[in-house]
Amino acid sequence: MKHTVRSSVISGTGLLLAVCLFIATIVLANTALTTWRIDLTQNKLFTLSKGTINILNNLEEPVQLDFYFSQKAMNDFPLLANYGIRVRDMLEELATHAHGKLILNIIEPETFSEAEDQAVASGLRTVSVSANSDRVYFGLVGTNSTDDEKVIPFFQTNRESALEYDLTKLIYNLAYPDKRIVGVYSQLPIIGKKGDQTAPTWTIINALKEFFEIINLNENIDALNQKIDVLMLVHPKKLNTETLYAIDQYLLKGGKAIIFLDPLAEQDRTQPDAASPSVMPILYSYLDEILEKWGLKISKGKIAVDINAAMRVQASGPRGPQEIDYLPWLRLTEKNFNSEDFSTSELNVLHMGTVGAIENIEGEEIKVEVTPLIQTSKQSTKLERDLILFQRDPSVILNNFKSDEKNLLIAARIKGKVQTVFPDGLPVDENKEQLMDDDFINEGNINVILVSDTDILADHFWIRKQDMLGVSVPQPISNNGDFVINSIENLSGSTDLISLRGRGKYSRPFVRVETIRKQAESEFREREKELQVALQETENEIRKLQQEQGNEKSYLLNNKLTAEIEKFRNERLATRKELRSVQHDLRKNIEKLGSQLRFINIGLIPLLITLLALIIGIYRANKRI
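End of the sequence shown = 888 in the numbering used here, gap-free, step of one.
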């Protein structure tokens with residue numbers, strides 16, 4: 264008897280302790296362990312990059328993020344809702360690492376509510392996920408302490424791989440709101456010429472002015488010593504020593520740059536020297552002294568061509584005008600771009616002309632880290648520049664093509680420690696005193712995007728002018744402008760931001776939910792078909808009656824047809840009511856399934872673990888007795 268009572272007491276005590284342990288576990292998980300996370304996804308999709316964490320740790324002023332997420336309205340579309348949950352989880356992860364400097368508000372705006380008014384006022388876009396559902400919000404509004412505002416109008420699923428980058432960039436731009444400064448040094452009339460109406464500013468510069476402050480370095484190269492966030496160097500040739508020295512030191516001291524070189528710049532209008540009219544003017548750009556320090560070169564006498572990317576053009580032939588592949592002009596598509604680098608990851612098409620190939624110097628090792636951004640297909644080769652320059656017949660150029668069966672590098676991100684071109688400082692004439700900057704350095708880490716083409720910037724390669732109400736409006740026909748803006752925006756951010764890379768996509772289909780949705784949609788479609796047939800029959804009867812009436816102006820319908828129309832209207836109302844009922848049942852089923860999944864994930868598994876521990880504890884206690 265005593266043994267039975269004792270066992271019962273132990274069992275009861277064990278059960279009570281197990282219940283208390285279960286409750287304590289749940290409370291602890293929801294309070295003290297909120298920052299604990301384990302990322303079990305294949306590509307660590309929810310693990311923040313080191314660069315992102317560094318930016319969050321260095322936030323000095325608070326940043327507020329208002330995430331507008333119509334989760335209930337998305338329940339009918341699990342894939343979109345699932346992506347919304349991922350965005351929300353990523354935002355919560357960012358807030359966790361920001362040490363209170365990132366204020367996150369998750370808002371589900373109701374129709375005609377104040378929250379909806381705020382979302383609309385901030386420029387958020389809405390979509391209708393179905394014909395019978397409310398419009399949904401799925402965007403982000405960020406503000407800083409000075410009321411600067413950055414917005415993601417709607418999270419596009421095709422940018423899922425760039426989610427961390429887009430969110431981190433928005434936070435960074437709010438934390439450092441001052442407009443970045445881009446210094447442009449060009450030997451093409453890209454910024455236009457003062458007082459010359461025939462040389463207007465190129466569209467690419469006007470596009471950049473929307474995002475950055477532009478400084479013309481041609482007028483004052485010494486401005487490089489000032490706070491230039493990014494140097495845009497276009498078609499340099501015959502640089503004087505002072506300019507080359509300024510560029511060299513700027514790069515070595517950590518200055519970011521995007522450099523456009525070209526073996527044949529089609530926009531270079533340099534005329535032959537009057538004293539030597541037979542001598543061809545220099546139409547190529549070069550930066551040999553600096554590139555040699557990197558172990559790289561771009562051949563001045565070779566043009567990279569790709570038979571798979573050759574642009575189709577109209578040309579005159581023996582049989583008249585014809586369409587033909589013009590090898591020197593390239594139409595590059597997604598397969599030519601680096602999908603993991605944010606300068607090129609979201610591009611669809613680029614138009615380029617007479618491009619060069621970035622190569623290592625023969626017999627020398629590449630001294631920098633080279634990340635390909637744009638490259639040709641393997642059906643490529645290099646043709647002589649003079650052939651392209653003097654041959655006007657595209658078919659002749661085409662006949663000279665023979666593939667080298669290898670990719671040619673057209674644009675690359677270049678990083679690493681390199682040596683100066685001027686180990687002894689700035690050279691000067693004998694009559695001048697030798698100068699040496701107080702902060703002169705012999706080596707440093709560079710961060711550059713190198714592009715072997717300048718024609719990518721020219722208007723006619725990516726812009727078509729469209730007349731709207733007497734105003735000429737540029738309309739992009741390719742992503743040339745996006746590439747330049749993306750690259751400069753990326754370079755102008757912190758090193759941490761530049762270091763971010765694209766992630767894989769997170770796809771976790773809910774088979775049961777999808778089955779329920781498809782079944783309901785099938786019912787919708789069947790009823791809609793029936794309704795359309797009834798409508799068509801009624802319209803046919805109306806037309807028949809009108810034909811019988813001939814030229815009579817009276818369109819009064821007989822009682823029979825009127826009754827049929829009334830019957831149809833009632834049927835339509837009943838069908839709509841039925842469709843709403845089916846949709847309501849769909850939502851109920853999805854919510855029910857969601858509740859079940861939440862219970863399994865949050866409650867059932869801890870409960871099973873606790874019960875297992877209890878059983879083991881009782882078993883061991885009885886065994887000891």
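It cannot be assumed that every hint is accurate.
Calculated lysine-lysine pairs in the DSS-like style (CA-CA distance at most 25 angstroms, straight line) [unchecked claim]: (1) Lys500 - Lys560; (2) Lys560 - Lys490; (3) Lys501 - Lys442; (4) Lys645 - Lys669; (5) Lys560 - Lys669; (6) Lys630 - Lys665; (7) Lys516 - Lys563; (8) Lys678 - Lys560; (9) Lys516 - Lys565; (10) Lys641 - Lys563; (11) Lys630 - Lys500; (12) Lys598 - Lys501; (13) Lys665 - Lys645; (14) Lys641 - Lys598; (15) Lys563 - Lys442; (16) Lys516 - Lys501; (17) Lys516 - Lys678.
Label pairs and their computed distance ranges (CB to CB) [what the hints assert, rightly or not]: (18) Asn469 - Phe664: 15 to 25 angstroms; (19) Asn320 - Arg727: 42 to 52 angstroms; (20) Met543 - Asn469: 24 to 34 angstroms.
Worth flagging that the hints you see were computed from the coordinates, not collected in a lab.
Quick caveat: nothing in here was measured; it's all calculated off a predicted structure.
Just so you know, even glycine gets a beta-carbon here, dropped at the ideal spot from N, CA and C.
For each hint, the structure was consulted:
Note on lysine 500 and lysine 560: the hinted pairing holds, with a Cα-Cα distance of about 15 angstroms set against a maximum of 25 angstroms. For the hint linking lysine 560 to lysine 490, the alpha-carbon distance of about 29 angstroms lies beyond 25 angstroms, and the restraint is violated. Annotation: proposed proximity of lysine 501 to lysine 442 is violated, straight-line Cα distance about 32 angstroms (limit 25 angstroms). The straight-line distance between the Cα atoms of lysine 645 and lysine 669 is roughly 11 angstroms, inside the 25 angstroms bound, and the hint therefore holds.
Restraint check for lysine 560 and lysine 669: satisfied, since their Cα atoms lie roughly 18 angstroms apart, inside the 25 angstroms limit. For the given pair, lysine 630 sits about 31 angstroms from lysine 665 by alpha-carbon distance, which is inconsistent with the 25 angstroms threshold. The hinted pair formed by lysine 516 and lysine 563 fails the criterion: a straight-line CA distance of about 28 angstroms is larger than 25 angstroms. With a CA separation close to 15 angstroms, the supplied pair lysine 678 and lysine 560 stays within the 25 angstroms bound.
Of the pairs offered as hints, the one joining lysine 516 and lysine 565 is violated, with about 32 angstroms between alpha carbons and a cut-off of 25 angstroms exceeded. This hinted pair checks out: lysine 641 and lysine 563 have alpha carbons roughly 22 angstroms apart, not beyond 25 angstroms. For the hint pairing lysine 630 with lysine 500, the CA-to-CA distance comes to about 24 angstroms; that is within 25 angstroms, so the pair holds. At most 25 angstroms may separate the alpha-carbon atoms for a hinted pair to count; lysine 598 and lysine 501 exceed this at roughly 36 angstroms.
Proximity of lysine 665 to lysine 645 is assessed by CA-CA distance (about 9 angstroms); at most 25 angstroms being required, the pair is judged to hold. For the proposed pair lysine 641 and lysine 598, the alpha carbon gap of about 12 angstroms is at most 25 angstroms, so the pair holds. Distance check on the hinted pair: lysine 563 and lysine 442 sit about 36 angstroms apart at the alpha-carbon level, beyond 25 angstroms; violated. As the CA atoms of lysine 516 and lysine 501 are separated by approximately 23 angstroms, the hinted pair is consistent with the 25 angstroms bound.
For the hint pairing lysine 516 with lysine 678, the CA-to-CA distance comes to about 13 angstroms; that is within 25 angstroms, so the pair holds. Taken as a hint, the range 15 to 25 angstroms is violated for the pair asparagine 469 and phenylalanine 664, whose Cβ atoms sit roughly 37 angstroms apart. Here the CB-CB span from asparagine 320 to arginine 727 is close to 46 angstroms, well matched to the stated 42 to 52 angstroms. A C-beta distance of roughly 32 angstroms is found between methionine 543 and asparagine 469, which places it inside the suggested range of 24 to 34 angstroms.
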